[in-house]
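Asker: Sequence:
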Amino acid sequence: MKSARQCSCCKSNQRAKSKQKLEFFVVVVKVVVVVVEVVVVVVVVVVVVVVVVVVVVVVVVEVVEVVVN
1 MKSARQCSCC KSNQRAKSKQ KLEFFVVVVK VVVVVVEVVV VVVVVVVVVV
51 VVVVVVVVVV VEVVEVVVN
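Read in full-length UniProt numbering, the sequence shown has 1 at position 1, and its numbers run on one by one without any break.
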């Protein structure tokens, strides 16, 4: 009888451990998703800033050429 109790106890412990592992995995996946979203936002912001700077430089160069000529 004792061994049967221990066995069921072990099974429930194994279930609890596997549930903890699953919860940990879910948390890790959520963190990775958030990090990827942040990286994507940063990359988009950097690309927009670079495009704006290039456009401003081109406009300034054109204006300077027109003024010089």
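It should be emphasised that the hints constitute simulated quantities derived from the structure, not laboratory data.
There's no promise every hint is true.
Unchecked claim - Derived BS3-like pairs (lysine-lysine); straight-line CA-CA distance at most 25 Å:
no., residue 1, residue 2
1, Lys-19, Lys-30
2, Lys-30, Lys-11
3, Lys-21, Lys-11
The structure displayed is predicted, hence computed values, not measured ones.
Asker: With reference to the structure, classify each hint as holding or not holding.
Answerer: These are the hints, each one checked on the structure:
1. Lys-19 - Lys-30: Distance of about 16 Å is within 25 Å: holds.
2. Lys-30 - Lys-11: 28 Å, violated
3. Lys-21 - Lys-11: 15 Å, holds
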